Structures are given as structure tokens and as C-alpha cells.
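The task is simple: from the sequences and hints, build the whole structure.
Okay, here's what each chain looks like letter by letter:
2 protein chains.
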Amino acid sequence: MDASYAFADSGSARKDDLPESIDLSHHLNLTTRSRTANSLKGLYKYMNAPGMLSLAGGLPNPEIFPFESMSAEILPCDALAKKPPTLTGDISKDTVKEQSFISWLFGKKPTKTISVPKSHTPVHDPAAVDLSTLLQYSSAEGHPALKEFIRNFVEKVYRPGFADWQVQLNVGATAGWSQVVAMLMERGDAILVEEFTYPGAMNAYQPLDIKPVSVKIDGEGLLPEDFDSILANWDEQKEGRRRPRVLYTVPTGQNPTGGTMLAERKQKIYDLCVKYDVIIVEDEPYYFLYSDPWVPRAGKQSGQALRAYDNFKDDKKGVEEFFKKLPPSYLRFDYQGRVIRLDTFSKTIAPGSRLGWFTANPLFTERLLRGCESAISSPNGIGQAMITKLMLEWGYDGYIRWLRGIKATYAMRRDWMCDLLESTFHLEFNQSLPVSQHIKWITAYEKTAPGMGGAVLDEKRGYKAQKPLVSFVPPSAGMFVWLAVHLDSHKDFEKVKARGEDPNRVLLEKLFIELAEHKVLVVPGFFFDAQPGQPHKGSENIGFLRLAFSFAPHDEMKQALEIMSRVIIKFFA
Amino acid sequence: MDASYAFADSGSARKDDLPESIDLSHHLNLTTRSRTANSLKGLYKYMNAPGMLSLAGGLPNPEIFPFESMSAEILPCDALAKKPPTLTGDISKDTVKEQSFISWLFGKKPTKTISVPKSHTPVHDPAAVDLSTLLQYSSAEGHPALKEFIRNFVEKVYRPGFADWQVQLNVGATAGWSQVVAMLMERGDAILVEEFTYPGAMNAYQPLDIKPVSVKIDGEGLLPEDFDSILANWDEQKEGRRRPRVLYTVPTGQNPTGGTMLAERKQKIYDLCVKYDVIIVEDEPYYFLYSDPWVPRAGKQSGQALRAYDNFKDDKKGVEEFFKKLPPSYLRFDYQGRVIRLDTFSKTIAPGSRLGWFTANPLFTERLLRGCESAISSPNGIGQAMITKLMLEWGYDGYIRWLRGIKATYAMRRDWMCDLLESTFHLEFNQSLPVSQHIKWITAYEKTAPGMGGAVLDEKRGYKAQKPLVSFVPPSAGMFVWLAVHLDSHKDFEKVKARGEDPNRVLLEKLFIELAEHKVLVVPGFFFDAQPGQPHKGSENIGFLRLAFSFAPHDEMKQALEIMSRVIIKFFA
Numbered sequence: 014m015d016a017s018y019a020f021a022d023s024g025s026a027r028k029d030d031l032p033e034s035i036d037l038s039h040h041l042n043l044t045t046r047s048r049t050a051n052s053l054k055g056l057y058k059y060m061n062a063p064g065m066l067s068l069a070g071g072l073p074n075p076e077i078f079p080f081e082s083m084s085a086e087i088l089p090c091d092a093l094a095k096k097p098p099t100l101t102g103d104i105s106k107d108t109v110k111e112q113s114f115i116s117w118l119f120g121k122k123p124t125k126t127i128s129v130p131k132s133h134t135p136v137h138d139p140a141a142v143d144l145s146t147l148l149q150y151s152s153a154e155g156h157p158a159l160k161e162f163i164r165n166f167v168e169k170v171y172r173p174g175f176a177d178w179q180v181q182l183n184v185g186a187t188a189g190w191s192q193v194v195a196m197l198m199e200r201g202d203a204i205l206v207e208e209f210t211y212p213g214a215m216n217a218y219q220p221l222d223i224k225p226v227s228v229k230i231d232g233e234g235l236l237p238e239d240f241d242s243i244l245a246n247w248d249e250q251k252e253g254r255r256r257p258r259v260l261y262t263v264p265t266g267q268n269p270t271g272g273t274m275l276a277e278r279k280q281k282i283y284d285l286c287v288k289y290d291v292i293i294v295e296d297e298p299y300y301f302l303y304s305d306p307w308v309p310r311a312g313k314q315s316g317q318a319l320r321a322y323d324n325f326k327d328d329k330k331g332v333e334e335f336f337k338k339l340p341p342s343y344l345r346f347d348y349q350g351r352v353i354r355l356d357t358f359s360k361t362i363a364p365g366s367r368l369g370w371f372t373a374n375p376l377f378t379e380r381l382l383r384g385c386e387s388a389i390s391s392p393n394g395i396g397q398a399m400i401t402k403l404m405l406e407w408g409y410d411g412y413i414r415w416l417r418g419i420k421a422t423y424a425m426r427r428d429w430m431c432d433l434l435e436s437t438f439h440l441e442f443n444q445s446l447p448v449s450q451h452i453k454w455i456t457a458y459e460k461t462a463p464g465m466g467g468a469v470l471d472e473k474r475g476y477k478a479q480k481p482l483v484s485f486v487p488p489s490a491g492m493f494v495w496l497a498v499h500l501d502s503h504k505d506f507e508k509v510k511a512r513g514e515d516p517n518r519v520l521l522e523k524l525f526i527e528l529a530e531h532k533v534l535v536v537p538g539f540f541f542d543a544q545p546g547q548p549h550k551g552s553e554n555i556g557f558l559r560l561a562f563s564f565a566p567h568d569e570m571k572q573a574l575e576i577m578s579r580v581i582i583k584f585f586a
Numbered sequence: 014m015d016a017s018y019a020f021a022d023s024g025s026a027r028k029d030d031l032p033e034s035i036d037l038s039h040h041l042n043l044t045t046r047s048r049t050a051n052s053l054k055g056l057y058k059y060m061n062a063p064g065m066l067s068l069a070g071g072l073p074n075p076e077i078f079p080f081e082s083m084s085a086e087i088l089p090c091d092a093l094a095k096k097p098p099t100l101t102g103d104i105s106k107d108t109v110k111e112q113s114f115i116s117w118l119f120g121k122k123p124t125k126t127i128s129v130p131k132s133h134t135p136v137h138d139p140a141a142v143d144l145s146t147l148l149q150y151s152s153a154e155g156h157p158a159l160k161e162f163i164r165n166f167v168e169k170v171y172r173p174g175f176a177d178w179q180v181q182l183n184v185g186a187t188a189g190w191s192q193v194v195a196m197l198m199e200r201g202d203a204i205l206v207e208e209f210t211y212p213g214a215m216n217a218y219q220p221l222d223i224k225p226v227s228v229k230i231d232g233e234g235l236l237p238e239d240f241d242s243i244l245a246n247w248d249e250q251k252e253g254r255r256r257p258r259v260l261y262t263v264p265t266g267q268n269p270t271g272g273t274m275l276a277e278r279k280q281k282i283y284d285l286c287v288k289y290d291v292i293i294v295e296d297e298p299y300y301f302l303y304s305d306p307w308v309p310r311a312g313k314q315s316g317q318a319l320r321a322y323d324n325f326k327d328d329k330k331g332v333e334e335f336f337k338k339l340p341p342s343y344l345r346f347d348y349q350g351r352v353i354r355l356d357t358f359s360k361t362i363a364p365g366s367r368l369g370w371f372t373a374n375p376l377f378t379e380r381l382l383r384g385c386e387s388a389i390s391s392p393n394g395i396g397q398a399m400i401t402k403l404m405l406e407w408g409y410d411g412y413i414r415w416l417r418g419i420k421a422t423y424a425m426r427r428d429w430m431c432d433l434l435e436s437t438f439h440l441e442f443n444q445s446l447p448v449s450q451h452i453k454w455i456t457a458y459e460k461t462a463p464g465m466g467g468a469v470l471d472e473k474r475g476y477k478a479q480k481p482l483v484s485f486v487p488p489s490a491g492m493f494v495w496l497a498v499h500l501d502s503h504k505d506f507e508k509v510k511a512r513g514e515d516p517n518r519v520l521l522e523k524l525f526i527e528l529a530e531h532k533v534l535v536v537p538g539f540f541f542d543a544q545p546g547q548p549h550k551g552s553e554n555i556g557f558l559r560l561a562f563s564f565a566p567h568d569e570m571k572q573a574l575e576i577m578s579r580v581i582i583k584f585f586a
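Chains as they are written, first to last, in our numbering: chain C, 14 to 586; chain W, 14 to 586.
Derived by calculation from the structure, the hints in this document are not laboratory data.
Note that the structure is a prediction, hence the values are computed from the model and not measured.
Just to be clear, a hint being listed does not mean it is correct.
Which copy is meant is left open, so a pair is good if it fits within one copy or across any two.
Think about it this way: if two alpha-carbon atoms lie no more than 20 Å apart in a straight line, the pair counts; the simulated EDC-like pairs of lysine to aspartate or glutamate are [what the hints assert, rightly or not]: (1) 532 x 138; (2) 571 x 76; (3) 508 x 138; (4) 125 x 76; (5) 571 x 238; (6) 453 x 568; (7) 523 x 501; (8) 125 x 86.
Shown next, in the form of C-alpha cells:
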């Protein structure tokens, strides 16, 4: 299904063939409809008229910017290395070392220098990539060269389904989402979200008394039946709120659950959004981290795991295959302009870059620009200087290579964590859980060990199976393993329930503290509850822990999982 | 009066002696009262516990940040140069060249290198000034080293009058002000502003149907009598709005009028704010640009102007004198914690740094932190890396030296513009205008020239005085000359009025376009009207143009003012 939406290098649709976005101005809230342009910023166009002597803008003199030049040593992206690296040992042994795929993918040359000169010219040129420009006041639109790079990237990679889409820079997806909330939502509205969602996104709407409406998800994202049912049965009288008009979703490597929506689901959700006039906000920080599934040890051959991270061909076909594997963006389905896509450089370059962008219809991007002018004035010029120079140095092809390296790195790290779960627990595959019933889970049990007591269900296969401890679905993207904790395996489960307390709060919090006291820090699942305090019906016996595989070195991850398995086994003893 | 509030190096009040801020929580709006902390950010403290193995935060791996190091060539601030530079010619002649005071003040050594290494350590250390930290996710509070630098700076320079003040970083004063509006104001409120105010500030409240209430100003800022009268006579029934609870003011080098409030006025306004329970938001981008007044040519001696820019002594006494001349911040008077001060690096370092900070009571800084987390996540790490390294390299003393250089540079530029007005027009001093009647204006007339017609009022003194053209007050701070245009000197003035049109709109716009067509760009005063469309009673015959002296090189400024004088003379012919 996905392939039919996939990137094709040669055949990007001519904009002429695509429909224009429809009028969605009724979605703008009162504040946004009332916002006028920054009148001073309106002078910028005159300021750059040739030969104009400007006494207009209150621009500081670049001569007294204390930076004469800036430079950076960057990793080069000239070409993929021809040969795979030495990381091809027996991955069933614990010989995996902290090793970056980047140096492998991009050859031996360690770094390259980029530099941003001062280049003060008397006439302020907003298109120059120099410090006199980038340290100066500038448009909230972002630097023209960076914006053009992004526009070209969106056109080639996401191929929106409507003609008049635009891009608009912001200072990262968290800020971008806050701007979208500020543009579309009224106090007291309701919003559609995944039942577990990113807390940073909640912060934007929670203070506005906006009711989050949980949509059921499984490992492949939103369930269209549940989505339809919520909207079809919405009773404005009973709810005291308008039917939700906005969906916030993280389709790829969802935070915290790690699930990924593929084309078929997206098409269904998109069609429902057309039916119910819902704006889709897709927040896609992990989009390029989508990779092949984890292969358990039993199915692995020596060196196989590495080859699975990328096909490594540095040619057009290799690029095509990379794109073909990516799930299509919601933009791809969007023939009305009702999708706002949030992209960020946080995961592909660095979070400190605080740079991202909106892709949306021109009404929305213009209103978002006005909102950004007021909220941030413009993105940071020093950050823009470095990121713009980096992108111009790498070029489009180089950045695509870089994304392949990023993907390979996180796929490797995902495998580290799943491999470590496999080596610290006994795993049973194809299990059913009362949550996410559409998909199959892997359930972890205590391994038998000499001198340990307890009943052994299957002595031959070597595990004590009367107590499922935790379950997980190996993610295809993102940075997290979402660990389901079988709270009903705890001796106090019934006691806590009988006391009228929520085991998910009491027992999971206890486990979290146990882990932290043993120096392993994870995030309890209730942090991500879209509707905090409201139990997940039918799955009250399951708690969750989010484990990040993105950051820890391999030896620390190994140590952490070994501690975790001991703490969990003891917890359930 | 000011001296009693001035900075004293040794005697900063012990915090113990100062009162704590009073409870101002009733000023928080509904949204702010409803805002909870970012729960994920709450994990940061655990993440840095010694020996903690963290699988918690979704932190990207710093190994795949593509920047290995960053560096910059900066202007050094080691010591003030011993000798004045060569810029000591006869300033009555047009020999002034574009020349920075910076190289003069800071000696000959052209630049120094600062660099930010990668320094990836397995444990994420938020206090390290390295790329692994500053390119990573971080707290919205800002980098600890930068925050500490700022805290120390505020304590030494502004000496707040209450004990429990705090600083909190933001991404510049425009963003900071937006956050303050989002914290304090409800839709439909009213706000106290100077009758001409910064349009960027209007953008934050205008979409919320917040009514700006103009307070009369003269060259020394807000008029306490008018301020008192507005609040004393506020009729909630008639206005349909609560009495204003927030004052937005730019006390030093006000944008656009260039006026500066000194201690006496500030004390009066502060006391009124206590009386009427008003929060004072002082936005001080031009604070350190406050300098001695302009000296007209007649009063100047060769080389005098230069010495006036700074006393140039690079010792404790020189620093004390620099501070003694600065007007005290509203913070200095604040014994209740009702002042929120906005500072920015935009004018002292560079606008592209997009870094500034709040100084306020701890209730407000905590709520502002929560707001920033949602609105921006955190300030840009690349920008913070560079600014933090710069400040650590310069140190407090170096930054104070730098501020003296900035002040001297803009004072010189202010003199360029006033000198050029003096040489292109005939000036009459001590004039009264129907606006800002408390202060004396300088009024410009056409100079007599051979072959020019028209009646000459005072042939001996050489000017045609029947038509005052423009008037101005030489500013002591800021970046602007606020030029009052005598619209009633225009032949169509009565005709336009008789048609029921606003001369300020019709004639001033005509003059603005005339100037732009002759390649001189200025900003028409109505852009800054706090209550647009509402005529300034008693001064309908005065329009304004804002002329920036901050940016243009001297030769361009000269060219622009010569063109301007010709266009204005022709306009009024």
C-alpha cells in the first residue's frame, strides 16, 4: 500500500495538476482573525529597494556586533563510504561497542570547516549568508536560503497533494505546535489526541481548558473505527463543547508508544477528517527514523543486522529505496489543505538548533507568520547561520545521506535495546494483551537460573511462565520502547484495587521509584496519559514505562537493563 | 536626584535588608493560573543525579550532532585603550568618517578566538559549555553559566529594591513581552501605554481586543498627572473594561520619541502604580545608550564632542561615573515586586542573538518559565553557546567596557544626525510646540540661499522664518530622532481639514511617499500611534517622522538628510 504513495525521484506531480486548498478560514480562532501584520515589518520590503537610503528601521550597526566571523567543524556528507565498517561481528554476543554509523556512512575524512564571515555591506541584504545579516533583525520567515532549501525538500520528499502549500520557519515543533493551538483553538474546545501522547504537546492546550479526547491506538497508530465513533457520537449539549476540530498526532515512531501509522490507516483517518471537517496536525520529529523491524536473535545471521539498517547504495536507486520505505506523510493524501505538518531539525541535526517548520495552506502559514512575529520576533540568527551554512555545504543530496545515517544509527540503537531485553528476559512472541489488541506483543518472563525458587511452567524451554512481567512491541521508528508492565502479576494488585486505589498509579509509581533508587531512570507511562486520571477501560492491569534507546552508550544501556530486569523480577516476586 | 539611586560598587544593599515581594497572584490571568509544569521537564533533576543510568529523556545522541566544534572571532574586551583615537578633528567640518569607537576603546588587537568544543561525555551535564550540552535539549531557564552571569549583572547594575527577585531567560524582549501579556492580561482588558509606542509591543495585545490607553508623554517620558487622572477617573461601567492593571513603558530612549525618564518621574509613576495596583513592565533595549546631551555647533570646541561620549578612565572610578549617569531602573524603586524588567542583548550584542531576560518577582518568573517551556521549549543552543562563551571570555568588567563602547558609538551617531540637521536647516532653540509642552524644542527653518524667493523674516540671521518646517528634541538615548512636522505650514492643510480628512494621515503620508520616491526611507509617526485613528487633541497640526541614526554610514546619512531637507522645503513651498 505504502509504495503507491512513495517518493519517486523523477515523477513529482506538477503543481498545476493538483487542486488548490479549500477555504478553511472558519477554523481560525477569534484572536487569529483579529491579528494584523506587524506594521514596522511591512517596511522591510522598502528597506531593500536598490539605492534606498534608509533611516527607517532601528537596526543596530553591524560594525559593533562583537563577532567578526563564526565557524564550525562539521561532519562532511560528500559521499557514502564504499565499504561497510568493522562492526560485523557476531551480534549474538555482547561485543557491540558504541560506534557511530556516521563515520561509516560518510567516509574517513573527519571534519570539514564551514565559516560565516562578517561581510558588512552598507546596504542590508537579507539574502546574504553572513553575520551582518544573520546577527541583524530579520524576518520571522527565516533566512531566504534556508527557507528555499526546506521548500525544495518538502516538495521532493513529502509531495503534498495540493498545489498552494507553503513552508514557514519556526523555532522547533514544540513552539510550532503552540502557535497552531494559538491559531486554531478557542478556550473550552476539545482536541483529538492519541490516548498516550507527548506531554510537551499537552502543555500548549491544557491551560486553555481544552479537553483532550483520547483516540484508541495500537502499534500502528490511531484506530479509524474509534476516531469515527467519537466524532459521529459527539453530543455538543452533553459535552458542553464543540465537536473537536483539530487532531494532534505523531504518526511515525509515536511518542511514547513507538507505533507508526502506514498509508492505509492514514487514508482512512484523512477521509474521516474531511467528513468531519477536522484539521490534522502531524508532528513528525521521528519521521526519518523509520526502519526495518527488529529481528530476534533466533532469526539473525552474523552481520545481518547491520545490513538491514540501510541498503548502502549511494546512487539514485539507493535514495529511491530509502524513500520507498518511508510511510507517506499526511500531506500526500491532502487534497484540501487541511494538514499542518510540523518538522524539526531537533532529531536530524540537534535539538539546540531550535529550528523547524510548518508546511500548510497559505492562509495558515500567513497567520502562523504573524503569530511568530509576535511570539518570537524571528528564529535565532546564530543558529540559522550555522544550520543554513551546513545545509548549503551538504546540499540536498548530502542531507538525504545524512538522514540515512541518522536512521541507521537509531535502528542500531533500537536493536541494542531489544537484543538486551532478549538477553535479560525469556521472551514469548505473538502474545495478546488487553491493550492494542490488533497487534501482537512480545511478553517477557523471568529466565530460570540455578538456585532460584518458584514454579517453572516450562522447564525444558527454561523460563518461569506463571507470571508475565513486561511486554513490548519492537518499534520501527522513534526513540522509545514502550514497556507494558503486568501490574496484576504483583502480589498487592488486588489489595490496592480493593482499597479503591488505582494500581497504575500506586504500583507503577512504586516500580518507578524502585528503579530510580537502583539508579535506572525511566518515564512512567501515566506522564503521557492524554486524559490523566481517567483509567484506560479494560486495561487497568497494565501500566507502562517508556525506555529511551536514543542516548545511553551500549555499556550503560546493558547495565541499566540488567538492573531493570533484577528490579522487575524482585518487584513481582 | 538620579545620583541617590545610582550604582555604588561597594555598597549594594544586602538582600536581607530589603523587603520581600508582596503577593501579586491576583494579577495572573486564568490561563496562567491553569498552567501546570511540563511534567517531562520535571525529570531533568533526576537525570543529572550522579551515577544515574538514564533511559528517560528522548535525547538524541550527541555523537550524531554534525557539529564537532564551533568557534568565533570576537572583539576583545581586555582593557580600554590608553589613548584616544585620531577622530579628534574639527567636528564643525564634515570630516567625520564612519569609525567605530570599539577599536578605540578596546585597543589594537583586532580579534580573539573563542571556541566551543564537542566534549561528549556519557553523562549529560547541563552546566558544561560544550556542544554536547548546548546542542542538546535543555531547560527553558537558559544555560546555568549565562543565567548566573545575568543574575550577577542585574544585582550589580540595577540593584532591585526587593529581596527575592529572579532572572529568567527568554528569546528577546518582543518574545518576553508576548509572554508577559500571555501571563497577565485577559481578553478585553485595557493597558496603559505611552501615547506613541513600539508597534512590536502592540502586536502582542492588539489581537486580544485589549484597549491601549494612551498616557501623555513629553521628552522625559510619562506625565504623572495624566497617569493619575486616567486611573482616578476610570469608569468601569462606561468603559466596559476593568481599570488597567498593566503599564508598558520604554523609559530610556523611548521608541519612537527618544525621550528618557529620570528618577523623579519614575518615583512618581511607581507610587501611582502602588496606589492603583498596576504592574510596571519596563522594556529597556536602549538603557545603556543613555549619554550626555547633544551640543550644537555654536557650543562645541574642537574635539569636545568625542570626550563627551565617555570619560574613558578604565578604572573603578570610570565605571562608577558611567553608572552614575544612567537613570535608575524602575526595579530600584520597587519594594513590592511589581516591576517586570525586560532586557535584551539585541542592542548591546546583536539582534540575531535572540536572547534576553526577565527580572521579576519569583511568582512571575516561575510562571514565565512555564510559559516559555510551552512557547519556545528553550532558547536556541547555538546562540546560547556563542553568547555564553563571549560573556565568560569578557567577564563582567569586559562587558561593562563593551557597554561603554556601545554607548559612545550611538552618542556619536546621534551627534552625526543632529549636526547634519544643523547644517541642512536653520535652527531656532527653546521653541514651544503644542505637543510635549513641558519641554523645549529645536525648530528648523529653511536657510536663505541665493536665488530663492519668499519672505525673509530675519535677513541678518539668514533664514526664512515664516514657515517652521520641522522640530526635534535631541535625544539622550535610543536610536531615533523624532521629527515633528509642522503640517500647518503646508498650503493644503486647511483644505484637507475642511474636507473632514486627517491632515496627519493625508499630508504626512504624502511627505513619506515623496521622501521614499527620492530614495529616503523614514517611518511615519502614525505607525506608532498607541490609539490609531484617534487624533492627538490640540496637536492635530503636528505629524511625526522617526529617523534612525543607528545604522546608516555617515556619508549616507548626510546624503539622506540633504535630500530630506530639499524634499521638505519643496513640500512646504
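Hint check:
Taking the closest pair of Cα atoms, residue 532 and residue 138 come within 20 Å of each other only across two copies (17 Å); inside a single copy the shortest separation is 53 Å, beyond that limit. For a Cα distance limit of 20 Å, the shortest separation of residue 571 from residue 76 across copies, 19 Å, qualifies, whereas the shortest one inside one copy, 53 Å, does not. For the identical chains of this complex, residue 508 and residue 138 are neighbours neither inside a copy (71 Å) nor across copies (42 Å), given an alpha-carbon limit of 20 Å. Taking CA atoms no more than 20 Å apart as the test, residue 125 paired with residue 76 passes between copies only; the shortest distance there is 16 Å, against 28 Å inside one copy.
In this assembly of identical chains, the alpha carbons of residue 571 and residue 238 never lie at most 20 Å apart, being 40 Å within a copy and 71 Å across copies at closest. Proximity of residue 453 and residue 568 under a CA criterion of 20 Å is satisfied in neither setting, with 29 Å inside one chain copy and 75 Å between copies. Only within a single protomer do residue 523 and residue 501 lie at most 20 Å apart by alpha-carbon distance; the minimum there is 14 Å, versus 79 Å between protomers. In this assembly of identical chains, residue 125 and residue 86 lie within 20 Å of each other by CA distance both inside one copy and across copies; the values are 5 Å within and 18 Å between.
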